Amino acid sequence: MVQFLVKRLIGLLFVVLGVTFITFILGYLAPGDPLTLLLGQHYSKAAHAALAHAYGLDLPWYEQYWNFLKHLSTFNFGLSYEYKNRAVWDIISTGLPKTMELGLWALVLTFLIGIPLGVFSALKANTWLDTTNMTAMLVLYAIPVFVLAVFAQLFIVWLDSVTGGAYGIQWPVAGWGNAWQYSWSDIQYKLAPIIVLAVAGVAYFARLTRTTMLEVLRQDYVRTARAKGMRERVVIYKHALRNALIPLITVFGISVGGLVGGSFFIETIFNIPGIAAITVQSVFTRDYPVIQATSVLLAIAVVLANLLADILYTIVDPRIKIE
Amino acid sequence: MDTRKDQGREYAQGAMMAPNSEPEMIALDQASGMPMPEGDNAKRPATSPLQESLARLRRDKRAMISVGILVFFVLVSLIFPPIYQRIGGPYVSGVTSLNIGPQDYHNYYHEELTNQDQGPSAMYWLGTDNLGRDDLARLMQGIIVSLFVALFVEFFDITLGITVGVLAGYFGGVIDQLLARFTDLMLAFPGLLLVIMVAGIFGPAADTAFAPIPIVGANGNARLILVGCVIAFAVWPLMARVVRGQTLQLKEQQFVEAARTSGTTNFRIIMRHIIPNLFSVVIVVSTLNVANTIVGEAGISLLGLGVQPPGSSLGLMISEGQTTITQYPREILIPCIVLTIIVLCVSFLGDGLRDAFDPRSKD
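Protein chains in written order, with numbering that gives the first Met the number 0: chain A, 0 to 322; chain B, 0 to 362.
Fair warning: there could be bad hints in the mix.
To be verified - Straight-line C-alpha distance at most 25 Å; calculated SDA-like pairs for lysine to any residue:
hint	chain 1	residue 1	chain 2	residue 2
1	A	LYS69	B	ILE200
2	B	LYS60	A	LEU139
3	A	LYS69	B	LEU184
4	B	LYS250	B	VAL281
5	B	LYS250	B	LYS60
6	B	LYS60	A	THR130
7	A	LYS123	A	LEU139
8	B	LYS60	A	LYS6
9	B	LYS60	A	LEU108
10	A	LYS6	B	ASP175
11	B	LYS60	A	ARG206
12	A	LYS6	B	ILE174
Said to hold, decoys possible - Among chain A residues calculated to face chain B with C-beta under 8 Å, some are:
hint	residue
13	ILE9
14	PHE13
15	VAL18
16	THR19
17	LEU25
18	ILE142
19	VAL149
20	GLY256
21	GLY260
22	PHE263
23	SER294
24	ALA298
25	VAL302
26	ASN305
Derived by calculation from the structure, the hints in this document are not laboratory data. Since this is a predicted model, take the numbers as computed values, not measurements. Glycine included, C-beta positions come from ideal geometry on N, C-alpha and C.
Same shape as in the complex, but just chain A (with noise of 0.2 Å):
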């Protein structure tokens, strides 16, 4: 198992470099001089070379790229262009507790609503309640995350005109509340975001829970489980569900990537102040800086939730072992 997970973190480890050198050489390779926007139209050579050296881009790449890593181990990410003398994880610590809230509620969604919503279709086998569910998770996961999102704007513009804002429902169309809170108008801000996110993931994991499900009930042991005339409760959860879901485990960073890439949507069309859309909007201003960190943060997020995927699967599964 030791030598499995070693094996892994080197994988991660250059995955990481990779992350980070696409990351650098985009800003480096960056047409345009980001120094004469903070100069102005009027500057002195030296005020130049002076402004570069502070930024550190006066060195070769590689020597600009090493400090990148040395700074990127200590999360500092330099300064930003656009604002002026002001740190970039300055710019982007505001953001990130509301991306973060944002992703992790619709990871938890995805499990709590998903699984169930797959192993219900399991049992169901082939009847209309199945195939209804399954083309509903179909149509789901293919509808893009920003159309859901219009539609789900869309239907609380609808919401509140019908209710006229009685019964305190006057649902806010965009915006977050104050990040890890919860009151009433929290809850109002943040409900429809965090569902519009996690359908995909829901759909995704109801649809391979299913799969996984059907294929263990299928197995001798569970036949063995009925005949000994266990409860029917007992054998499903007990002895199907917990094998059916070793292999979702697996596709755990794929749908924390799911959940990065939805989250630009998100954050933009909601208009949440997240670091997605600080991203966005970095690249519309040419904070290369900011953009950079971004990358690097939500990249690393996926790298890391690929690890945990791969540790949580030689916990739960000690075949792995023997590879």
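Take the given structure of chain A and dock chain B to it, following the hints.
Using the frame of chain A, we list chain B on its own:
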């Protein structure tokens, strides 16, 4: 007690049924469309695996309806705009007091500031947006953009995927190792993030560089060349991985062995025996990938990094419709619904193709 037993039997039957494809086989005979008299097999035309797969696809109602809808959308978007620009009488503009014919106001970039946010009418079949542009014309242009981005990306996806995948699978070694590492990297790096970064950083440069190219570069589409390249760059490792797996299997087949024994060169084996057999895998993977590409392009344009106004794209229409979502929800609903229909149809077609080419994967 009884019910439990029944359930058990049902599952047991399920287990027996699953691996074989008996219903599929019976259906196949129907598919060939021949009456099949006994002892008259010589008359029956030989069906190739491809014909059998296509016959299976033809019986998949959901896939065929999807094909119909997609063909309808594409044909309308390609053929109808010039016709649409000849329908309708001239109109005196409220801004310039000039006579404007349908060749102008049925154009996707023509703004009529006196006709903002109009509902569907004989003049504007699907209404106008918040700048007074014809929504039907913009919609058709958006579908064309989606189509061409999808074709562009698939061209590179298939070319690169087959080349690298076959080389990695057939020869193994360094190429195989590099491909594995690169695939790991691209799977960990969220593809959308890469597209956003590249489109954001090099977008303006791409605008100036590609704009002079006729047809492709015009109308604010220049940046899409860059976006398409990056999407292709992000997706081809997946195709290469699938092709590699298939090549590894094909390599061990007896016909390849036979070819090798009779002195066929590696190049010839790859070109004549491996690549033609990849057809079904490649067609399935690339169809499923088209849905992702269309969503990706729309998403990037929605974020403002793809098609630039006054050009049109489904994603751009959605982001423009957002400004009037409370007053005129029609403007945002139209592109949303059309995009959803297209993506669903492509996904259904992809699923249908997979079932048709590989019936065992159905469960």
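Now the hints, each set against the structure:
At roughly 24 Å between alpha-carbon atoms, LYS69 of chain A and ILE200 of chain B fall within 25 Å of each other, so this suggested pair holds. Proposed proximity of LYS60 of chain B and LEU139 of chain A is supported: the alpha carbons are some 20 Å apart, at most 25 Å. This hinted pair checks out: LYS69 of chain A and LEU184 of chain B have alpha carbons roughly 21 Å apart, not beyond 25 Å. Among the hinted pairs, LYS250 of chain B with VAL281 of chain B is consistent with the structure: their alpha-carbon atoms are about 17 Å apart, no more than 25 Å.
Under the criterion of a C-alpha separation no larger than 25 Å, the hint pairing LYS250 of chain B with LYS60 of chain B is inconsistent with the structure, at around 35 Å. Between LYS60 of chain B and THR130 of chain A the CA atoms are separated by roughly 16 Å; this keeps the pair inside 25 Å, and the hint holds. A C-alpha spacing of about 20 Å is found between LYS123 of chain A and LEU139 of chain A, which places the hinted pair at or below 25 Å, so the restraint holds. Taken as a hint, the LYS60 of chain B and LYS6 of chain A pair is broken in the structure, with Cα atoms around 47 Å apart against an allowance of 25 Å.
Of the pairs offered as hints, the one joining LYS60 of chain B and LEU108 of chain A is violated, with about 34 Å between alpha carbons and a cut-off of 25 Å exceeded. With a C-alpha separation of about 18 Å, the suggested pair LYS6 of chain A and ASP175 of chain B falls inside the 25 Å cut-off, and the hint holds. At most 25 Å may separate the alpha-carbon atoms for a hinted pair to count; LYS60 of chain B and ARG206 of chain A meet this at roughly 21 Å. For the suggested pair LYS6 of chain A and ILE174 of chain B, the alpha carbons sit about 20 Å apart, so the restraint of at most 25 Å is met.
For ILE9 of chain A, the shortest C-beta to C-beta distance to chain B is roughly 11 Å, which exceeds 8 Å, and the interface hint is violated. Taken as an interface hint, PHE13 of chain A checks out: its beta carbon lies about 6 Å from the nearest beta carbon of chain B, inside 8 Å. Evaluation of the VAL18 of chain A hint against chain B yields a held restraint, the C-beta minimum of about 5 Å falling below 8 Å. Hint status for THR19 of chain A relative to chain B: violated, with the closest Cβ pair at about 10 Å, above 8 Å.
Contact between LEU25 of chain A and chain B, as hinted, is supported at the beta carbon level, the nearest pair being about 5 Å apart and thus within 8 Å. With a least beta-carbon distance of about 5 Å to chain B, the hint placing ILE142 of chain A at the interface is held under the 8 Å criterion. For the restraint placing VAL149 of chain A at the interface with chain B, the shortest Cβ-Cβ distance is roughly 5 Å, inside the 8 Å limit, so the hint holds. Because the smallest distance between the Cβ of GLY256 of chain A and any Cβ of chain B comes to about 5 Å, under 8 Å, the interface hint for this residue holds.
A hinted interface residue such as GLY260 of chain A counts as satisfied when its beta carbon comes closer than 8 Å to some beta carbon of chain B; here the least separation is about 4 Å, so the hint holds. With a cut of 8 Å, the hint placing PHE263 of chain A at the interface with chain B holds, because the nearest CB-to-CB distance is about 6 Å. For SER294 of chain A, the shortest C-beta to C-beta distance to chain B is roughly 6 Å, which falls under 8 Å, so the interface hint holds. The beta carbon of ALA298 of chain A is positioned within 8 Å of a beta carbon in chain B (closest approach about 5 Å), and the interface hint is therefore held.
A hinted interface residue such as VAL302 of chain A counts as satisfied when its beta carbon comes closer than 8 Å to some beta carbon of chain B; here the least separation is about 5 Å, so the hint holds. About 6 Å separates the beta-carbon of ASN305 of chain A from the nearest beta-carbon of chain B, less than 8 Å, and the hint is met.
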